[in-house]
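Enquirer: The primary structure of each chain is shown beneath.
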Amino acid sequence: MDLMVLLAGLFNYWVAIVLMMSGFYVVIARGNLVKKLVGLGLFQASVFILYISIGKVQGGHAPILGALIERYSNPLPQVLILTAIVVGVATTAVGLALIVRIRAAYGTVEEAQILAQERAEDAAQAEHPDDPA
Amino acid sequence: MTALQQLPVLVVLVPLLAAPLCVLLDRRRLAWLVALAAGSSCALLALLLQRQVQLGGPISYALGGWPPPWGIEYRIDRLNSYVLLVVTGVAALVLAFARHSVDREIAPERQVSFYAVLLLALAGLVGICVTGDAFNLFVFLEISSLASYGLISLGRDRRALTAAFQYLVMGTIGATFILIGIGLLYLMTGTLNLAHLAELLPAVAETRTVRAGLAFLTVGIGLKLALFPLHLWLPNAYAYAPSVVSALLAASATKVALYALIRVLFTLFGAALVFDTLGVQQILLPLAALGVLACSTVAIFQRDLKRLLAYSSVAQVGYMLLGVGLGSVGGLAAALNHLFNHALMKGALFMALGAVCYRLGSVQLRDLAGIGRRMPWTMAAFLIAALSLLGVPLTAGFVSKWLLLQAALERGWWWMVAVLVGGSLLALVYVGRVIEVAYLRPSPVAGRCEAPPGLLLPLWVLALANLWFGVDTSFSVGAAVAAATALLGSAGT
Chain A
1 MDLMVLLAGL FNYWVAIVLM MSGFYVVIAR GNLVKKLVGL GLFQASVFIL
51 YISIGKVQGG HAPILGALIE RYSNPLPQVL ILTAIVVGVA TTAVGLALIV
101 RIRAAYGTVE EAQILAQERA EDAAQAEHPD DPA
Chain B
1 MTALQQLPVL VVLVPLLAAP LCVLLDRRRL AWLVALAAGS SCALLALLLQ
51 RQVQLGGPIS YALGGWPPPW GIEYRIDRLN SYVLLVVTGV AALVLAFARH
101 SVDREIAPER QVSFYAVLLL ALAGLVGICV TGDAFNLFVF LEISSLASYG
151 LISLGRDRRA LTAAFQYLVM GTIGATFILI GIGLLYLMTG TLNLAHLAEL
201 LPAVAETRTV RAGLAFLTVG IGLKLALFPL HLWLPNAYAY APSVVSALLA
251 ASATKVALYA LIRVLFTLFG AALVFDTLGV QQILLPLAAL GVLACSTVAI
301 FQRDLKRLLA YSSVAQVGYM LLGVGLGSVG GLAAALNHLF NHALMKGALF
351 MALGAVCYRL GSVQLRDLAG IGRRMPWTMA AFLIAALSLL GVPLTAGFVS
401 KWLLLQAALE RGWWWMVAVL VGGSLLALVY VGRVIEVAYL RPSPVAGRCE
451 APPGLLLPLW VLALANLWFG VDTSFSVGAA VAAATALLGS AGT
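Chains as they are written, first to last, in our numbering: chain A, 1 to 133; chain B, 1 to 493.
The set of hints was computed from the structure by calculation and includes no laboratory data. Using N, Cα and C, we set each Cβ at its ideal position, and we do this for glycine too. Treat each hint with caution, since some may be false.
With the C-beta cut set under 10 Å, the calculated list includes, among others, these residues of chain A facing chain B [to be verified]:
(1) N32
(2) V57
(3) E70
(4) R71
(5) G88
(6) G95
(7) I114
(8) L115
(9) E118
Just a sample of chain B residues kept apart from chain A, beta carbon distances all over 12 Å, derived [as the list claims (entries may be wrong)]:
(10) L7
(11) A62
(12) I143
(13) V204
(14) P286
Just so you have them, the derived chain B footprint on chain A, three or more residues with Cβ under 8 Å [as the list claims (entries may be wrong)]:
(15) 5-14
(16) 72-84
(17) 97-103
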């Protein structure tokens with residue numbers, strides 16, 4: 001495929017890929033729970049861009065009925081993305097609520113410190129007489 | 001329009017509307033009663049739907065009267081109604097079980113919200129079963145998942161919070177993959193209706209976009225299904241959640257995800273395309289076999305019984321996927337039958353553990369010494385469900401394992417027979433450990449402390465169901481074979 005078409009013509013999809021991979025990387029690589037949620041949000045945003053790029057019709061107007069407009073972009077992907085955005089907002093809300101409770105229970109939102117506390121708990125418990133099996 | 005014609009949407013609406021009703025009533029006992037009523041009516045509606053489909057064939061319901069493929073369609077066929085029946089049936093029993101268990105494990109001021117969120121989770125799971133629209137599937141999947149994250153976080157141990165967060169992150173990535181898959185399929189066909197997609201996909205199936213869509217869908221659903229190695233969220237989630245939540249999720253969440261995978265593989269794409277052309281078998285079968293062997297082995301070393309049963313659940317999902325991967329009517333029927341039976345087994349096992357937790361406050365193996373004599377009825381039900389898990393004749397588990405073996409032998413796949421037998425032997429070890437500690441060790445404390453009848457009755461209904469469906473398989477196997485034949489016989493609808 002012609003290089004210009006590949007880079008410039010498919011620009012939206014490149015953006016979607018870059019966002020998706022960045023978001024995924026943040027989820028995996030960052031230990032702070034809030035940063036993980038941010039990465040998750042980036043990851044979901046890339047999917048939104050993918051869907052909306054699919055729906056664009058060349059020379060098409062925004063899908064709002066108008067008197068003189070003859071060509072509209074496809075409204076369906078936009079509706080789907082509105083729903084997906086709401087789902088993303090709800091997920092972020094639940095995630096943040098969990099983080100608030102984790103902070104109250106552990107005193108930290110850093111994954112490494114949470115794991116260290118849990119391991120210390122397990123080690124302390126292992127000093128009790130173990131089950132005979 | 002009569003009420004019977006509205007059944008497909010009623011079965012989703014009842015729990016969905018009962019949830020805010022619980023919150024409005026704002027009393028613990030009333031909330032439980034509303035939840036129980038909603039769950040039982042849901043199960044009844046599912047039974048009526050199953051009868052309708054059996055007598056009249058697949059039901060197509062246009063939501064809002066807008067015809068498919070532009071409107072959202074709820075489509076009930078043999079496969080849906082089967083999965084719907086077992087999910088709602090176990091949910092109703094778990095709700096009956098919930099009253100005492102929730103009193104013990106969840107703070108009084110949170111119980112009303114608990115029942116409301118539980119009903120939302122049920123509505124989501126039921127919605128996934130009945131819908132015939134791909135994006136609607138995603139929405140209901142997210143409804144049930146978000147509700148599950150909330151439910152799991154209500155466990156007593158603070159690790160329930162981190163378990164719920166881990167599940168949230170992994171589950172959202174899975175759901176987003178599913179969304180990408182749906183988007184790519186829409187890109188190539190222009191429709192979201194499952195039946196219409198099935199008609200249009202064969203023409204574009206060889207393109208890279210559709211293959212990528214299938215890959216994204218499989219991985220996304222695999223994450224929800226706890227396909228090895230995407231199962232990492234499950235042990236923590238099941239171990240630290242309240243007992244009622246573990247029982248409900250173990251018996252329904254992964255089953256519904258398996259149903260979604262079967263829909264995608266067999267209805268959307270068709271067995272010929274998926275297995276012969278695209279070779280999905282080569283990925284599913286090794287992962288399923290590894291899941292069975294690895295997770296059964298890990299289960300042997302667990303000291304927390306809920307965690308042990310969680311790893312066992314992942315192994316059983318592996319069994320179901322082995323059946324799906326066979327691609328034959330026998331294999332698929334065996335997988336569906338195992339889906340049904342496993343919901344019964346694991347529901348009973350987790351409920352028995354819930355009863356033990358109610359009395360002892362712990363499900364660590366070392367605390368359960370001699371519990372068989374102190375809680376005879378509870379542990380007898382546990383024993384029956386455990387024998388079913390092993391696949392002892394006269395129990396439901398035997399039937400599905402036998403069907404799987406037959407299907408594997410039919411194909412001449414001796415390696416699968418070895419995996420099935422190996423998995424059962426490993427199960428014998430980890431179940432045997434529990435039975436030994438419960439029955440053969442002396443108890444440090446004397447005296448009976450049996451669970452109250454409110455906990456024992458639903459538990460025994462499920463335990464006896466294990467025995468019933470082990471003896472009278474006309475429904476459980478008959479419906480599974482009918483569903484499998486319908487799926488593999490036709491390429492689309």
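Enquirer: All hints, please: hold or fail.
Expert: A quick look at each hint next to the structure:
Hint status for A:N32 relative to chain B: violated, with the closest Cβ pair at about 12 Å, above 10 Å. Checking A:V57 against chain B by beta carbon gives a least distance of about 12 Å; that is not within 10 Å, so the hint is violated. For A:E70, the interface hint is violated, the least distance from its beta-carbon to any beta-carbon of chain B being 20 Å, above 10 Å. Here the hint on A:R71 is broken, as its CB sits about 17 Å from the closest CB of chain B, past 10 Å.
Among the interface hints, the one on A:G88 holds; its C-beta lies about 8 Å from the nearest C-beta in chain B, closer than the 10 Å criterion. A least Cβ separation of about 5 Å between A:G95 and chain B falls short of the 10 Å threshold, and the interface hint therefore holds. Checking A:I114 against chain B by beta carbon gives a least distance of about 6 Å; that is within 10 Å, so the hint holds. The beta carbon of A:L115 is positioned within 10 Å of a beta carbon in chain B (closest approach about 9 Å), and the interface hint is therefore held.
The beta carbon of A:E118 is positioned within 10 Å of a beta carbon in chain B (closest approach about 7 Å), and the interface hint is therefore held. With a closest Cβ-Cβ approach of about 25 Å to chain A, B:L7 is found to remain outside the 12 Å limit, as its non-interface label requires. In this structure B:A62 is separated from chain A by more than 12 Å, as the shortest Cβ-Cβ distance comes to about 17 Å. The claim that B:I143 lies off the interface is violated: its Cβ sits roughly 9 Å from the closest Cβ of chain A, which falls inside the 12 Å cut-off.
No Cβ of chain A approaches the Cβ of B:V204 within 12 Å, the least distance being about 14 Å, so the stated non-interface status holds. Every Cβ of chain A is farther than 12 Å from the Cβ of B:P286; the closest lies at roughly 24 Å, confirming the non-interface assignment. Under a criterion of three residues with beta carbons nearer than 8 Å to beta carbons of chain B, the stated coverage of the region 5-14 of chain A fails, only 0 such residues being counted. Given as covered by chain B, the region 72-84 of chain A passes the check, having 5 residues with a CB less than 8 Å from a CB of that chain where 3 are the minimum.
With a threshold of 8 Å between beta carbons, the proposed coverage of the region 97-103 of chain A by chain B holds, since 4 of its residues qualify and at least three are required.
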